[in-house]
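Student: So the sequence lines, in the order shown, correspond to chains L and H.
Residue numbers 22 to 140, in our numbering, belong to the letters of the first sequence in order.
Residue numbers -6 to 99, in our numbering, belong to the letters of the second sequence in order.
By construction, these hints were calculated from the structure, which means they are not laboratory data.
Check before you lean on any hint, since a few could be wrong.
Said to hold, decoys possible - Pairwise CB distance ranges, derived in the manner of DEER restraints: (1) Ser46/L - Gln71/H: 27 to 33 Å; (2) Gly106/L - Ser52/H: 43 to 49 Å; (3) Thr66/H - Ser140/L: 46 to 52 Å; (4) Thr137/L - Ala13/H: 33 to 39 Å; (5) Pro51/H - Ala80/L: 17 to 23 Å; (6) Ser7/H - Gln86/L: 43 to 49 Å; (7) Gly47/L - Leu23/H: 25 to 31 Å.
Heads up, the beta-carbon is just placed ideally off N, CA and C, and yes, glycines get one too.
Below are the chains, spelled out letter by letter.
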Amino acid sequence: QVQLVQSGAEVKKPGASVKVSCKASGYTFTTYDIIWVRQVKGQGLQYVGWMSPNSGDRAYAQNFQGRVTMTRDTSENTAYMELSGLRSEDAAVYYCARGDLRFGALDVWGQGTTVTVSS
Amino acid sequence: DVQMTQSPSSLSASLGDRVAITCRASEPILHLNWYQQKPGKAPRLLIYAASNLQDGVPSRFSGSVSGTDFTLTISGLQPEDFATYYCQQSYSTPYTFGQGTKLEIQ
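Work out the full structure: start from the sequences and follow the hints.
Tutor: Have a look at this one:
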């Protein structure tokens, strides 16, 4: 079946970087966008950025510019999101989601990756 | 960036009730999606492009639009509908979300 499987929980120190993976299966990886969303505990959904696995094009939300990098490995059907310069406020659950090319709707989601930032 | 203003932030209702949640966009948009999220779970797509029901979503969920105002309506609340709902515009990046509406059982 169509699914996105993310890497496991991470614990990082302030200032460190974290790289989360998102492995796609059950569909052609390059025919949908990958969007990253985060959710701080008890808060709403926050858009992080977008990447096209086909072209490699990407765009990041202003709040994350300069700290986030989205990449992909089409041979592994895997997308990656790396966030650097971690701060306590970056502690959150990070989700990848598949974005429909026509309407941009996020129709398949990964299970989420919890990132803890603690000294 | 397009701002999405979602209301109400919380809502209490009873089984069988009909409820409506609204999102207002700060400028005209074409694509608006609705998601349901339960505690500890990833969001689930309910409605895409304002009024299209995602496969497998019960028909008691519906979406509508009037200008820049988008509405999610749930007709005949079921126990599994008590959750948090989010709108999201996918017309222009960044794909902004509404603040969420927590639907609680009365």
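Student: Give a verdict on every hint.
Tutor: Outcome of the hint check:
no.	hint	result
1	Ser46/L - Gln71/H: 27 to 33 Å	holds, 31 Å
2	Gly106/L - Ser52/H: 43 to 49 Å	holds, 47 Å
3	Thr66/H - Ser140/L: 46 to 52 Å	holds, 47 Å
4	Thr137/L - Ala13/H: 33 to 39 Å	holds, 38 Å
5	Pro51/H - Ala80/L: 17 to 23 Å	violated, 34 Å
6	Ser7/H - Gln86/L: 43 to 49 Å	holds, 45 Å
7	Gly47/L - Leu23/H: 25 to 31 Å	holds, 29 Å
Hint violations for this structure: number 5 only, all remaining hints satisfied.
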